[in-house]
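Residues per chain are reported as follows:
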Amino acid sequence: MSTQRILPKGVSEADFDRALAGLREALGADNVLTESDALAPYTKIMMAGADEDYIPSAAVMPGTTEEVQEIARLCNEYTIPIWTIGTGKNLGYGSAAPGETGQVILDMKRMNRIIDVDPEVCTALIEPGVTYQQLYDYIQEKGYRLMLDPPAPSAIAGPVGNTLDRGVGYTPYGDHFMFQCGMEVVLANGEKVRTGMGGIENSSSWQVFKWGYGPYIDGLFTQSNYGIVTKMGLWLMPEPPAYRPFVIQYPDLEDLDEIVETLRPLRISQIIPNAVVIVHTLWDAGTHVERKNYYTGDGSISREALEAIKQDEGIGEWNVYAALYGTPEQIEVNWKIVEQAFGKSGKAKIMYGEEAEQRGGGFRYRSELMKGEMNLEEFGLYNWRGGGGSMWFAPVSQAKGSETADQTQLALSILDKYGFDYVAEYIVGWREMHHVIDLLYNRQDPEETQRAHDCFSELIDEFSKRGYGLYRTNTEFMEKVAGTFGEPLREVHKTLKNALDPKGILSPGKSGIRQ
Amino acid sequence: MTMTRRQLLRNGAALGAAVPVSLSTGWVGQAMAEGLAINGEIRVFGSDRSSSELARGLRGAGWRPVEAGRFDPLVLADLPRGTLAAGFTDEAGMALLTSQLVGRGRILALGRHGADGHQLVSQRGAVVDSLAQADSSWQAALGREYARLAQNPPSGRRDHNLREAGTAGTRELSFLVRV
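Each protein sequence line maps, in turn, to chains A and B.
Letter by letter, the first sequence follows residues 1 to 515 in this note's numbering.
Letter by letter, the second sequence follows residues 1 to 179 in this note's numbering.
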């Protein structure tokens, strides 16, 4: 129980009150939140951290870039740390909570303007509060034949926040940062800068040419705390005339090697152009099946229970969801190549259309995601074990069978040691794979929460020892993960931080970066 | 491709599907007939016994429960500002509910109810010592408690664990929020 007022670290109550008065004047009182019940949604974390470590002192909601500039100036004056969120849907990575208690949340939700969508060059320029659903609806209303690339919590999340955290989707534009083009950024001192071609007044190429002139700096504003992105350009895929989603399932754990070795050349050559997913049984079923219906014993779920799920759902140990795009003729040609490649060993079961729809698993919602349509089906994973605990462990691997097999075995052994389930998928890029494991646990049980924390920590350590690094992590483990990438890189990050934000007010601790 | 809002609602409606559909409640009309509401309306989400009992408790404490159907967190954005809402959902629904309220709503209280007891977190002052009532269900007692908390001003987070074994069967998650 706590009713004590939360203050930013190192800031006196009087200074904080003066800063809040300034913020209310700049934004309007309704856009500065300080009451506990209004701040409560910003405290709901799913990771295995202590609740009291993630409580904001206030939240502010600017509506314009000019207001963001004023917030930066005020917070600089009083040395108040701010933690920026877009739509606040980074569930399992820190949600909408601050990086540490006392920080002021800079909530960009009200900045939700779609500034431009160009159907000819297939680009968009948007603000951070725009959701995928909002942009999708806009495109539909305008009648543009353009596709989005939503991540799994698609409808409610936003393209800017997801891209800045280097998130992924499932269409051919699945690597979101790869398809980003041009930013407007407010720096810690309140100055505004436009990247790429945006520095030229009235430039018509801000959203079509990424590199601009001189050093390319957009990457500095992803997974970082060097500035506040207030506008971002992105590329949109033209809607293809034809589309064929399909699923290939394999029965055994060790089939992963064959899957990856078969898939890699098809993916690199763009025969299969989208961000394919290789989904393990428990993820494929876990979106709509509850664990307690199959297993109530101690420890990780038993092999018998897992086989029962496979049987009942009609799914494999591994389930590959992919799609072909193009003209019907192109699809037929590429389909033959896919069938031949996966048909060689006789282990794969290849399905599309009605046959795929009739099986269990996630074919329907995966098919929607792979053509850029919205759904929220993956939230069902939170019902698998219950208790509200979820952390994404997401190491990167080469797209090589031997490496993915090694990662899977390592993850299984560590999860089993701590009594958790392997709820996992591989998201296949061109040459690499994001091995995404949802560490689901009962956050209401302190012992289980501590165990989840220890398990996550050991996963980081053991994967790092074998040369595997994470592409993204939650706020509880940002410092630790940053450490696995070595001190020289951290020193560069710190040098940049000191140059761009000398008072360290922007999202202190993001990706382990501080003054 | 054009029915985007409908598609979104369809997807959202899939959440909370663990709650069985049973529309046998008649508590809305009953509340109106009794004319007891003195504090205003509360939208009550859910369509099973738990939600009808929750509504009974709210009504008994002077609120007018308005049946809002199966819980869909996405419809919260469409409710008029200031609307009070209560009900039951599952883990997926709770994750969506709390994230949807970020910057646009208030969490007054949340509850977790299972065979091992009740855990209530309130932002509106202390929680009662017990939901066990000789003459009513725990859901109705929760409704009375939520009715009381709805009238309190914000006062900071209070956790309360009520170890009352056997008061709930399967785990249910409750909420009291203002959008």
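Since the hints were made in silico from the structure, they are not lab data.
Hints may be right or wrong, so weigh each one.
From the structure, some residues in chain B lie toward chain A, with a derived Cβ separation under 10 Å [stated by the list, open to error]:
#	residue
1	74
2	80
3	82
4	92
5	104
6	110
7	112
8	136
9	148
10	151
11	156
12	159
13	177
Even glycine gets a Cβ: it sits at the ideal position worked out from N, Cα and C.
Here's how the hints hold up against the structure:
1. 74: holds (7 Å)
2. 80: violated (16 Å)
3. 82: violated (12 Å)
4. 92: holds (4 Å)
5. 104: This interface hint holds because 7 Å falls under the 10 Å limit.
6. 110: holds (9 Å)
7. 112: holds (6 Å)
8. 136: violated (26 Å)
9. 148: violated (15 Å)
10. 151: violated (13 Å)
11. 156: Nearest chain A Cβ about 3 Å off; hint holds.
12. 159: This hint holds: residue 159 of chain B lies near chain A, its Cβ roughly 6 Å from the closest one there, short of 10 Å.
13. 177: holds (9 Å)
Consistency note: the structure conflicts with the earlier hints numbered 2, 3, 8, 9, 10.
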